[in-house]
Amino acid sequence: MSTERTEHISSRRPQHHPLAPPAWLLQGLKPTTAPVPWAAAARAAVALSVPLAVGFALNEPEYGALASMGALSGVIGDTADAYRMRVLNIAVPQLFGAVGVTLGTLVYGHGWVAVGVLTLVALVSGMVSSIGTVASVSGLLLLLNAVVGAGLPMPQPWWTAPLLLGAGGLFVLALTLLGWPLRGRRPERAAVAAAYRALADTLEAAGGPGDLYDERRRRVTQELNQAYDLILGRRARVHGRSLSLVRVLSQLNVVIPLVEAAPAAHLRGRPLPPEIPAAVRVLATAVEEGRTEAPVLDLPEARTPAERALDAALRHAATIVHLAEPDPYNVDDRLGRPAALRVRARRAVRDMMMSGTSWRYGLRLALCVGLAQALVSVVEIERSYWVALTVTFVLKPDFGSVFSRALLRALGTAIGLVVAAAVLAEVPRGWWDVPVMMVLGALIPVFSAKGYAFQTAAITPVILLLSDLLNHQGFDLIRPRLLDSLIGCAITLVVGYLLWPESWHTRIGDRLAETVDDAARYVERAFAPAADDAALAAARTGRLQARRRLYRDLSGVRSEFQRALTEPPPTGTRAAAWWPLVVAVERIVDAVTAARVRVDHGAPPPAAEEVAAIARQLRELAVRVRSSTVPVRVEGEPAGEESGVLAPVHQELAAARAITQPER
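Numbered per this note's numbering, the sequence shown spans residues -14 to 649.
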């Protein structure tokens, strides 16, 4: 069974035509399937066009252009669901952006002083970006606005530009908050309901084809991660206890036993009765709509340990979901309650300063930005901020592969320049810019959801039209900006990619090995003996937290591998070689969880020697991952009883050990 599964995993790679573009590039050019964000498109259209209209009405188009630039940064940063997170995502980066444009304005036209200041700002921006999502956007705006301020003439006095940019960002925030009174806690409830619906889809696929089940189980992990991040992040900022938030958290917590029971149901080898996923969807609707009246569940009789686990978890979830006021002192945060915001901020700054990865990225970004700024200062070409701007966007750490981003940036910029050229050539400057900006602004959220190249193509004409209102170059902007983009991409590829060994010697193998070690510890914890009921409850809580962290780490490993797959050889080739092992480790964790659930509901527990043997084999697998650049075949099957509760774990472990090097 294990060898067949491994061969199936390894043989799904599509055949590639020799004359077709490389797969890693096609991966970035393929648009992501996502629904059209109509509300975001409408906000972006209003946010970018209204400041421009106000500027024309006051006969100050430069002021309107700066406010629209601030609104553009707010539109790009508005990526969260919950309103309080959106306040942070929009407002905090605006403060960093104001500091950036102030520094840029003060060094405008000062030659090497500007080079030094922008290099230092790039170092700080790169290091700050490693802290988290909000910090990443803040670091981006700090550097982008500093580059713009140092490259374009800004209105005087010096505080005018940061004030206008901040006003544009706050206008986006005001438009965003208009829906808060109507939607209230709906984003949190929608996130929890999405986790329930993803689980229902997973239960519907249980017992069927393994590929479909694995795909849906991964979506459950993503939805749980998003819901916990949303709710626990909000709870850490609440002084005291919010009953509505406690209720949503308790509804999310009770989905965990259902998630644990899903692998056991899948290993039965036959589909579940349709009443079970239908009941989970009923709970999802109740969560989303805030219902308190409990429906009567018509569930089939449970006979096996897996069925009893699923039945008990589903009935308990139905009880908790419909409680109007859950006990605020009896709610267990499955991942542990976050520390206070002040503590987390201090810890994040300390980790940033002590992190070699943070320093390496900051130095890489500083070197590239400093070189770009020095180039436009000393070489006899038109003075331009676009080179450093391109470097910043391409080296942004959470947008994917640096190499493919550089190519996608060049392609997206070329497409955006074609659009800008048509507008600058055919549309008269003045009030006609307002409807044009409305259309182009609405396209930014739509195309941003499709991928990096599409986002670049949508943002480029907007920035060019706003720049034209500041320096009045008109159609003459087009050719220099294309040249600047190509120079910036070249600097990034050579100085920011090729000269850094970590670009070619990726750590994906080390990251995967760490996760395999965590899986070994999870196996030991899952079947550790407990002396009494208190120890049993503590062990269960620790096991839940360990499993959730392990699944979260596996999700991060999968994302890192998918990013590495967009790199050219040898990084992309090595990632493709190790990819089947990522799938195998996920299945091992599923099998261990299923075994624990079966033991909890009547199955005989495994012997301590068998558990220790599996943990030892996992650690041996981690050692081989660290010491190899490609997977190697390991002959032999792990020892274990074929009829024991850990038999599926042995089979999945055999599949992981038998993975062979893919064909080159």
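Hints in this document: simulated from the structure, not taken from any laboratory. Among these hints, one or two may not hold up.
Simulated restraints, written as ranges between beta carbons of each label pair [to be verified]:
| id | residue 1 | residue 2 | range |
| --- | --- | --- | --- |
| 1 | A297 | R345 | 46 to 52 Å |
| 2 | G415 | L468 | 26 to 32 Å |
| 3 | S612 | E260 | 32 to 38 Å |
| 4 | E200 | R604 | 24 to 30 Å |
| 5 | E45 | L468 | 30 to 36 Å |
| 6 | V334 | R276 | 41 to 47 Å |
| 7 | V479 | G275 | 16 to 22 Å |
| 8 | L348 | W417 | 43 to 49 Å |
| 9 | H307 | P194 | 47 to 53 Å |
| 10 | R276 | R335 | 29 to 35 Å |
| 11 | L91 | R604 | 28 to 34 Å |
| 12 | E200 | L521 | 46 to 52 Å |
| 13 | H307 | T17 | 34 to 40 Å |
Below 25 Å or equal to it, Euclidean Cα-Cα: the simulated SDA-like pairs (lysine to any residue) are [what the hints assert, rightly or not]:
| id | residue 1 | residue 2 |
| --- | --- | --- |
| 14 | K435 | R293 |
| 15 | K435 | R203 |
| 16 | K435 | S540 |
| 17 | K15 | S540 |
| 18 | K15 | L396 |
| 19 | K435 | L455 |
| 20 | K15 | H586 |
| 21 | K435 | L454 |
Each residue gets a CB set at the ideal place from its N, CA and C atoms; glycine is no exception.
Here's how the hints hold up against the structure:
no.: 1; hint: A297 to R345: 46 to 52 Å; verdict: holds, 50 Å
no.: 2; hint: G415 to L468: 26 to 32 Å; verdict: holds, 28 Å
no.: 3; hint: S612 to E260: 32 to 38 Å; verdict: violated, 50 Å
no.: 4; hint: E200 to R604: 24 to 30 Å; verdict: holds, 29 Å
no.: 5; hint: E45 to L468: 30 to 36 Å; verdict: holds, 31 Å
no.: 6; hint: V334 to R276: 41 to 47 Å; verdict: holds, 44 Å
no.: 7; hint: V479 to G275: 16 to 22 Å; verdict: violated, 56 Å
no.: 8; hint: L348 to W417: 43 to 49 Å; verdict: holds, 45 Å
no.: 9; hint: H307 to P194: 47 to 53 Å; verdict: violated, 34 Å
no.: 10; hint: R276 to R335: 29 to 35 Å; verdict: violated, 45 Å
no.: 11; hint: L91 to R604: 28 to 34 Å; verdict: violated, 56 Å
no.: 12; hint: E200 to L521: 46 to 52 Å; verdict: violated, 34 Å
no.: 13; hint: H307 to T17: 34 to 40 Å; verdict: holds, 36 Å
no.: 14; hint: K435 to R293; verdict: violated, 43 Å
no.: 15; hint: K435 to R203; verdict: holds, 21 Å
no.: 16; hint: K435 to S540; verdict: holds, 21 Å
no.: 17; hint: K15 to S540; verdict: holds, 21 Å
no.: 18; hint: K15 to L396; verdict: holds, 13 Å
no.: 19; hint: K435 to L455; verdict: violated, 30 Å
no.: 20; hint: K15 to H586; verdict: violated, 46 Å
no.: 21; hint: K435 to L454; verdict: violated, 29 Å
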